[in-house]
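In full-length UniProt numbering, the protein residues as written are 1 to 301.
These are computed hints drawn from the structure, not numbers from a lab. Mixed in with the good hints, there may be bad ones.
To be verified - Straight-line alpha carbon distances no greater than 25 Å define the calculated DSS-like cross-link-like pairs of lysine-lysine that follow:
no.: 1; residue 1: 79; residue 2: 300
no.: 2; residue 1: 253; residue 2: 292
no.: 3; residue 1: 254; residue 2: 292
no.: 4; residue 1: 292; residue 2: 256
no.: 5; residue 1: 181; residue 2: 253
no.: 6; residue 1: 128; residue 2: 43
no.: 7; residue 1: 31; residue 2: 181
no.: 8; residue 1: 256; residue 2: 181
no.: 9; residue 1: 79; residue 2: 292
no.: 10; residue 1: 28; residue 2: 79
no.: 11; residue 1: 186; residue 2: 31
no.: 12; residue 1: 181; residue 2: 128
no.: 13; residue 1: 301; residue 2: 79
no.: 14; residue 1: 254; residue 2: 181
no.: 15; residue 1: 31; residue 2: 43
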Amino acid sequence: MLCPLIRTFAPLLLLAIPLLAVQGVENKPMKLWPGDAPGESGKIGPEGEMPGRPGQKQVIRLANVSEPTLTVFRPPADKANGCAVLIAPGGGYSILAWDLEGTEVAEWLNSIGVTAVLLKYRVPRRDKDAPHAAPLADAQRALRLTRQHAEEWGIDPDRLGMLGFSAGGHLTAVAGTNYDKTSYAKVDAADELSCRPDFIIPIYPAYLADESQPNNLQPLLAVNENTPPAFIAVTQDDADRGLGAAYLFIALKKAKVVAELHIYSQGGHGYGLRESSNPVSTWHDRCGEWMKVNGLLEAKK
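Construct all of the structure, not just a fragment, from the sequences and the given hints.
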């Protein structure tokens, strides 16, 4: 009897371990939507961990998400500065790299006094032509819900940013350039609040370049003077993602939006915050400096 039980609950235990490892975690997830998420059919199968292939790095790969949630990670009270960041893990809009690009990032944010709000958005892709569509609705709803709970969670609703990796980095850029567009019908009072992130942090963002128009951003990424300030990090050897990040930076520069871009020569893709011999593993230190310089880490008196 014991072995089947272990096999049944092992994925859930693996998901719980990184949550417990983060200091100050509010470890009860909050549902994003009061009922089913918009447009959900419930036909993707049960949520769970997808096993990695031989030779892949150890990562919790969360698959088949149809019930999006938020999990709040609060820093120690003596460190908290009121800033908050919504985290969007990557995974090609197919899975979510839950620890590598989620809980481990929440732990770092807490260490610099920032409240982390980890978004479990819908995967895999619902629309092959617009894989970001359902995740964008989840992200916009998450930003609004976070602002609605700002006082309860001890955060400043005007210092709420978004940080994402790979596909989550694309989602972050899309959220930062499409906050004035409706992605779902109003559900409740939270949807009267702004879904504009106050700053964006796309890390090795994917899908930014327009494949049909070389040297251009995706038309979806309509950067203008109201686009949030941005910190971007990527490596040159990361396929075409370095070019896409450069195009985004150029567009931000032309629009006179505060932005910082770090392009490291080596490091590939999918490194998260894990240490390596490549300087790119220190990108988060540069990001923390950028946040500090831009006044995001100053506690209000």
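Evaluated hints:
1. 79 / 300: Judged against 25 Å, a Cα distance of about 13 Å means the pair holds.
2. 253 / 292: holds (20 Å)
3. 254 / 292: holds (24 Å)
4. 292 / 256: Holds, because 20 Å separates the two Cα atoms, which is no more than 25 Å.
5. 181 / 253: holds (23 Å)
6. 128 / 43: holds (16 Å)
7. 31 / 181: holds (23 Å)
8. 256 / 181: Holds, at about 22 Å.
9. 79 / 292: Satisfied, since the Cα-Cα distance of roughly 14 Å is no more than 25 Å.
10. 28 / 79: holds (22 Å)
11. 186 / 31: holds (16 Å)
12. 181 / 128: Holds. Residue 181 to residue 128 sits at ~21 Å (cutoff 25 Å).
13. 301 / 79: holds (14 Å)
14. 254 / 181: holds (22 Å)
15. 31 / 43: This hinted pair holds, its Cα atoms lying about 19 Å apart.
Violation of the numbered hints given earlier is absent; every hint is satisfied by the structure.
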